[in-house]
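Visitor: Residue strings, one per chain:
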Amino acid sequence: MLDKLKIAAVLLIIGTMSGLMIWGTHTVTRDRIEENRIRKQYETFVVIFPDMDVSIIDDHRDEVEHSLITEIITVYDRVGQKLGYLYIGSGTNTRGYIDLVIGVDTNFKVIKITTSSFSQSPGYLEGMRDAGYFEYFSDQALSELDYKADAYSGSTQTHDLIKAIIESAKLLVAGDPVLEALKDAHPDVERYEHFTRHFETGFDEELILYDAQSVIVGFAFVGDIDHQGTEYRVAVVTDADDVFKGFAALEDDVPASLTTALEAFAGHVDTVLEAIELGEDLDAALETFFLNAQQLVETSERIIGVSRLSRFSGIYDGDDLIGYVYRGSIRGHNGQLYVDVAIGLDDVIDVVEIVHHVESSGYFKDVTDHLDDYMGLDDPEDYDTDVYTGSTVSGDAVYNVVKAAHDYHTERNGD
Amino acid sequence: MAEKTIPKKTIKSKKKELGQLATLTKGFIRENPVFVYLLGLCPALAVTRTLETGFGMGLLVIFVLVMSNIVVSLIRNFIPTEVKIPSYIVIISTFVTIVGLVTEAYLEALHASLGIFIPLIVVNCLILARAESFASKNKVFSSVVDGLGMGLGFTFALMLIGLTREFLATGAIAYGEYFPIGVKGSLINFDTYVFKMGVFDGPAGGFIVIGLWLAVFSAIQLHRQNKAEIAKQKMIEEKKRIALERKRMKESAGEQA
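Protein sequence lines correspond, in order, to chains C and D.
Here the first sequence stands for residues 1 to 415, where the numbers follow the numbering used here.
Here the second sequence stands for residues 416 to 672, where the numbers follow the numbering used here.
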């Protein structure tokens, strides 16, 4: 017993002394290290704006809360003339962090985008640089920036992180009323991406919602509501578990009667009949919209092997319901996969779509190239799983969602 | 005239001094950590693209080696056997963290150049080996001398490799690039294609240069061993000859009697 106590005491003393020495050294060197970091950052700035006067800069750090952009700097030359802006952002993923500097001129056209420091594997960034990834941004308008598609193959996660930082900068430049409306319903949302659906449902646009760390926090399903002869864009907002968060009116001039109906429905999403009783001006278009929304917020069931599966929308041919869409989320090779499966009332699979993934593009192509093979099957077990032998984990994940959705569909519709 | 006797204490001190000097210098050739013991080959390959970076890494290793030897020697009688190695690792990693912070603050260019290989000093076999095999069994001063000797030998090896690689790859030996000495320049500069062999800048060149120097050191070791062997043989034969002569003299003395 005494021996063990002695061992513990020795380790405690050694650990404590180590900690104190490291703390002391850190205290002495901290300011100098920070000065070096700032100087290195300014060296990056001067690469973008060679004529900048480092002594005259406006730092707008207070304006950039809740964003991947951590600083906005207005840059001036030696005579005080504005040269442009620097958007400095930082993000992390499983491979490390990236500090990005986006230099734009006074018209918000990109001068240069570069990294000031990073801890990602250098090989990924070097590959992207060699492929002209960063040069491609020059002279593009920041608010409409697009990406060089063939320049980040094999560096998808690094590209996704850089893209997230750039998208944050875009929103700061452009301002975004859609984002503001989505944030009212779901405060964690910091940015969104459009998702193009290939079949008709009650909604004609879908948005994937992300937080500041680029984690999916929910979805928004956007449709037009014809209210008193005018169409208004309204989104149904859910979180990542398909729990209803609220409605977002994406336009500024929504009439009070529609707002009242939306608020009334939001408080009573279990049954559309109660909403009809509350909403005095509810018309047929609204009723259809709310019916779609109600299906969206049905409680999802947990299927073994699939993180979450929910039936979230009907599929329509005009006014006729012809099937349902199921969304499953499941762990793939690199992270969470979201898969939509559209199944007709005749139990035949219509479409399988990947809503979101973080798989390596090279491997996942084997899976996405063969999604159409699911079409027309009335039994997922007829699908040839040999087509994705090079990406078994990802392919099996998609297959499991399709199977779970089909089983769920046949069980529910058989009732 | 009375015989001059040398006091035993002086003899012992002189022997000790010579021993300490031998310990200090053994790391250069006879027990060079890189070329004889083949320790620390990872940094030897990775950070020796230039003379300055090799020298910089050597300095950091000397500091970590000496300081960890001091601490290990000081507390050698208090560390239980069961937790010897974990304790040494904690001590070594403390000093590695300290050098990492200090270089990041005051030698930024060197820190950026050495990169991940500064934290990797922790797993340099040389440091743990000297702590375990020497510092844990000897007094503080001897441990300091041992650490300094091996560290200097390691630095010497890195500088040799760095010098060779930089010269062959660029034709020049630069200074002032990584150490803030106020001036930058080249010690020599042969601006001809003969010396600008890019292969020596990369990993392949590192292996080639280490292999060449290993061959040189092996040749020196072999030559020394042969010389020692020859000297030993000569001594044995001399002793045999003397013994034979004595025997002959005894026999002839016996005959005469």
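Simulated from the structure, these hints should not be mistaken for laboratory data.
The reader is advised that the hints may include incorrect statements.
To be verified - Computed spacing ranges between beta-carbons, pair by pair:
1. D:A643 - C:I13: 43 to 49 Å
2. C:S119 - D:A643: 27 to 33 Å
3. D:I635 - C:T92: 17 to 23 Å
4. D:Q640 - C:S153: 31 to 37 Å
5. D:G626 - C:R95: 31 to 37 Å
6. D:I504 - C:D31: 52 to 58 Å
7. C:R95 - D:V538: 19 to 25 Å
8. D:I603 - C:D31: 35 to 41 Å
Unchecked claim - Listed next, the stretches of chain D that the computed footprint assigns to chain C, with coverage defined by at least 3 CB atoms under 8 Å from CB atoms of chain C:
9. 545-553
10. 562-568
Cβ atoms here follow ideal geometry from the backbone N, Cα and C, with glycine treated the same way.
Visitor: A separate judgement is required for each hint: does it hold in the structure or not?
Guide: Status of the hints after comparison with the structure:
1. Our hint of 43 to 49 Å for D:A643 and C:I13 holds, since their Cβ atoms are close to 47 Å apart.
2. Hint check: C:S119 to D:A643, Cβ distance near 52 Å, so the stated range 27 to 33 Å is violated.
3. For D:I635 and C:T92, the Cβ-Cβ distance of about 51 Å falls outside the hinted range of 17 to 23 Å, so the restraint is violated.
4. In this structure the hint that D:Q640 and C:S153 lie 31 to 37 Å apart at CB is violated, the actual value being about 57 Å.
5. Checked against the hint of 31 to 37 Å, the pair D:G626 and C:R95 passes, with Cβ atoms roughly 35 Å apart.
6. Taking the beta carbon of each, D:I504 and C:D31 are about 30 Å apart, not inside 52 to 58 Å as hinted.
7. Evaluation of the 19 to 25 Å hint for C:R95 and D:V538 yields a pass: the beta carbon distance comes to about 22 Å.
8. A hinted range of 35 to 41 Å for the beta carbons of D:I603 and C:D31 is consistent with their spacing of about 39 Å.
9. Remark: the stretch 545-553 of chain D is not confirmed as covered by chain C, as 0 of its residues place a Cβ nearer than 8 Å to a Cβ of that chain, below the required three.
10. With 0 residues having a beta carbon nearer than 8 Å to a beta carbon of chain C, the stretch 562-568 of chain D misses the requirement of three or more and the stated coverage is violated.
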